[in-house]
Amino acid sequence: MARTLFEKIWDRHVVTILPDGTVLLYIDRHLVHEVTSPQAFEGLRLARTKVRRPELTFATMDHNVPTDDRMNIKDPISKAQIEALAENAREFGITLYDLKSDQQGIVHIIGPELGITLPGTTIVCGDSHTSTHGAFGTLAFGIGTSEVEHVLATQCLRQKKPKTFKVEFKGKLKPWVAAKDMILKLIGAIGTAGGTGYVLEYGGEAIGPLSMEARMTVCNMSIEAGARAGMIAPDDTTFQYIASGNRPFAPKGKAFDESVAFWKTLPTDPDAKYDRELTIDASLITPQVTWGTNPGMVMDVTGRIPEPDQVPGYSRKDVEQALSYMGLKPGTPITEIKIDTVFIGSCTNARIEDLRTAAKIFKGRKVAPRVRVLVVPGSQQVKKQAESEGLDKIFKSAGAEWRESGCSMCLGMNPDQLKPGERSASTSNRNFEGRQGKGGRTHLVSPEMAAAAAVTGHFVDIRSLPR
Amino acid sequence: MEVFKSHRGIMVTLDRANVDTDQIIPKQFLKSIQRTGFEKNLFHDWRYLSDGKPNPDFPLNQERFKKASILVARNNFGCGSSREHAVWAIQQYGFKAVFAPRAERNGTSIPAFADIFRNNSTKNGLLTVELKEAEVEEIFQMVDRYTGLEATVDLERQRVTLHLPEEISFHFEIDPSVKEHLVRGLDEIRQTLQLEQNIKAFEDRHNTQR
Chain Y
1 MARTLFEKIW
11 DRHVVTILPD
21 GTVLLYIDRH
31 LVHEVTSPQA
41 FEGLRLARTK
51 VRRPELTFAT
61 MDHNVPTDDR
71 MNIKDPISKA
81 QIEALAENAR
91 EFGITLYDLK
101 SDQQGIVHII
111 GPELGITLPG
121 TTIVCGDSHT
131 STHGAFGTLA
141 FGIGTSEVEH
151 VLATQCLRQK
161 KPKTFKVEFK
171 GKLKPWVAAK
181 DMILKLIGAI
191 GTAGGTGYVL
201 EYGGEAIGPL
211 SMEARMTVCN
221 MSIEAGARAG
231 MIAPDDTTFQ
241 YIASGNRPFA
251 PKGKAFDESV
261 AFWKTLPTDP
271 DAKYDRELTI
281 DASLITPQVT
291 WGTNPGMVMD
301 VTGRIPEPDQ
311 VPGYSRKDVE
321 QALSYMGLKP
331 GTPITEIKID
341 TVFIGSCTNA
351 RIEDLRTAAK
361 IFKGRKVAPR
371 VRVLVVPGSQ
381 QVKKQAESEG
391 LDKIFKSAGA
401 EWRESGCSMC
411 LGMNPDQLKP
421 GERSASTSNR
431 NFEGRQGKGG
441 RTHLVSPEMA
451 AAAAVTGHFV
461 DIRSLPR
Chain W
1 MEVFKSHRGI
11 MVTLDRANVD
21 TDQIIPKQFL
31 KSIQRTGFEK
41 NLFHDWRYLS
51 DGKPNPDFPL
61 NQERFKKASI
71 LVARNNFGCG
81 SSREHAVWAI
91 QQYGFKAVFA
101 PRAERNGTSI
111 PAFADIFRNN
121 STKNGLLTVE
131 LKEAEVEEIF
141 QMVDRYTGLE
151 ATVDLERQRV
161 TLHLPEEISF
171 HFEIDPSVKE
181 HLVRGLDEIR
191 QTLQLEQNIK
201 AFEDRHNTQR
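Protein sequences, first through last, are from chains Y and W.
Following my numbering, the numbering of the first sequence begins with 1 at its first residue and continues without gaps.
Following my numbering, the numbering of the second sequence begins with 1 at its first residue and continues without gaps.
Simulated from the structure, these hints should not be mistaken for laboratory data.
None of the values given here were measured: they were computed from a predicted structure.
One thing to keep in mind: the hints can contain errors.
[Unchecked claim] Under 10 Å between C-beta atoms, here's a sample of chain W residues computed to sit facing chain Y:
(1) S69
(2) N75
(3) C79
(4) S109
(5) E173
[As the list claims (entries may be wrong)] Here are the in silico distance ranges between beta carbons for each label pair:
(6) K67/W - K329/Y: 26 to 32 Å
(7) Q194/W - A243/Y: 40 to 46 Å
(8) T108/W - E307/Y: 33 to 39 Å
(9) K419/Y - A201/W: 41 to 47 Å
(10) K174/Y - Q141/W: 26 to 32 Å
(11) A201/W - K174/Y: 48 to 54 Å
(12) K161/Y - R184/W: 20 to 26 Å
(13) L164/W - K170/Y: 51 to 57 Å
(14) A134/W - A243/Y: 52 to 58 Å
(15) K161/Y - E138/W: 31 to 37 Å
(16) Q194/W - G421/Y: 53 to 59 Å
(17) T108/W - K419/Y: 33 to 39 Å
(18) N207/W - G421/Y: 49 to 55 Å
For every residue, glycine included, the Cβ atom is placed at its ideal position computed from N, Cα and C.
Okay, chain Y solo, but in the shape it has when bound:
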């Protein structure tokens, strides 16, 4: 029977079907970070259980990490959480990329970098942005701490089979329109719950030419549409990424060739059916900017802040609450919104390609007066690569701060935060109230749009920026 990419991966990970109809699903890779794991390890200790497959479990610290003086964590509670992960990794025999490691970074950035993320596998992590790894044709999704404990103890999860949802991006992207704009456009179209209960599969003419970095940006924000997972079929771009660079956990030589032969069988069969399908014309997508307090409240950069009763999918009250929090008035052009802070980073947009794109905008320009700009590489490897290309010098000479790797201002669990009322242009994934700091106002954009806002002090249509 014809099957989708998702179904092929699902089927080969079914350990057994349980009497209640749920499936015991095998997990090939378990990624662990400091925030959602301590209670799970404690559960193992209380039950005197071991980690079943420590060699398939990989840990790093990213959420709490200061991005300036990283070895000097001033917040004692953050420090305790980081130390707890180190202790748990030691006790249970798990590989840890700690703050001294030159492979440390945001968990969803280092997985692919190290070759941990491979097509056809299942990956989970106690983090909703685990969907990122789906860019490789991987079934990857976020779980809660109880499920983290379940995977640590059994290497399996009890799962109900999700439905499938194909998102076809037809046509070609226009210049200066980014992967970030594609996914924001989709979330705007289907809403933040439009994908709930589904695994998304992205395909079409506009997906094929995307780099792995760009595909990861698309899959990363699947959760912002409510979908736990988003996937893209593996192709030559995927195989080349895995074969390139130093990826210690990727297969090599003959094993790699055998893997590629298998990976080529993964794409959806021509006659396979999806539970839902949607086509978006990629050639019509323009740079996107969020204006509200969830990623579905998004519009074209050429637009104006909407009237409260004119937003499809939201009640008047929803929009009024959002605009009140954001301090915005209906009718204001997006390009007249001034910003205080620019954040370029996060598991959505802190890979090398994102930094190269931002650097193109910063080169020969200066950050606008009174604007604070943080450029935070996603991993130590990204940082090293960027520095070898001289990108750090471009950022610094423009007036931006060049930092160490971590989650940084995406969620402000570390010292990088917005102050109350401050407004940011951010390449991260959530514009929820208080996400970047209590009272902070977040607008989500692509790296090029963030950089353009940094040098002008307000949102600007990147397509009209003089070159």
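With the hints as your guide, set chain W onto chain Y.
Then chain W, alone, in the frame of chain Y:
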């Protein structure tokens, strides 16, 4: 895990759609390595003013809702971050169940709860009840009208009953495996560990490298 069969308690209404887990428990409270102590920071940024005093406009701070044990919310409750701390905070505050509506907007159906949040709730014995939008609307109106209005949620019979002068009740649907899990208070990890032979047999034939 606690067994959930039925619960009767006061309802409190939270009139917001798309409440994300960042609102339920903000990031600064996720640094704890404990599983307890989250209740005081539930809905922190809405519940407290900037000087730390309770915000009198927020429902949880109002006298009539002080003893509430059923939270009634709007659609897509619990979206965003996978943090299970959100469920712990809701439970530790004293809530036994959350009601929310499946909403229809422009021809699309918006579920009552986000996927990971709902999963996390089940694992902890917090019941999430998806009702129809008109039913939740009625609850909002009745809670406004009758101070201290109680509801009974009977999981075995899949019914919510509002204890009005003339009782109203609604049927709700629930995944049979979720119902079983809650009604029996199952320990999933212990159960899965008993499937060791199946897992071992699977591992013997499965290649995790591709």
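Evaluation of the provided hints:
| no. | hint | in the structure |
| --- | --- | --- |
| 1 | S69 | violated (22 Å) |
| 2 | N75 | holds (7 Å) |
| 3 | C79 | holds (6 Å) |
| 4 | S109 | holds (9 Å) |
| 5 | E173 | violated (14 Å) |
| 6 | K67/W - K329/Y: 26 to 32 Å | violated (40 Å) |
| 7 | Q194/W - A243/Y: 40 to 46 Å | holds (42 Å) |
| 8 | T108/W - E307/Y: 33 to 39 Å | violated (21 Å) |
| 9 | K419/Y - A201/W: 41 to 47 Å | violated (57 Å) |
| 10 | K174/Y - Q141/W: 26 to 32 Å | violated (49 Å) |
| 11 | A201/W - K174/Y: 48 to 54 Å | holds (52 Å) |
| 12 | K161/Y - R184/W: 20 to 26 Å | holds (22 Å) |
| 13 | L164/W - K170/Y: 51 to 57 Å | holds (53 Å) |
| 14 | A134/W - A243/Y: 52 to 58 Å | holds (57 Å) |
| 15 | K161/Y - E138/W: 31 to 37 Å | holds (34 Å) |
| 16 | Q194/W - G421/Y: 53 to 59 Å | holds (55 Å) |
| 17 | T108/W - K419/Y: 33 to 39 Å | holds (37 Å) |
| 18 | N207/W - G421/Y: 49 to 55 Å | holds (54 Å) |
Hint violations for this structure: numbers 1, 5, 6, 8, 9, 10, all remaining hints satisfied.
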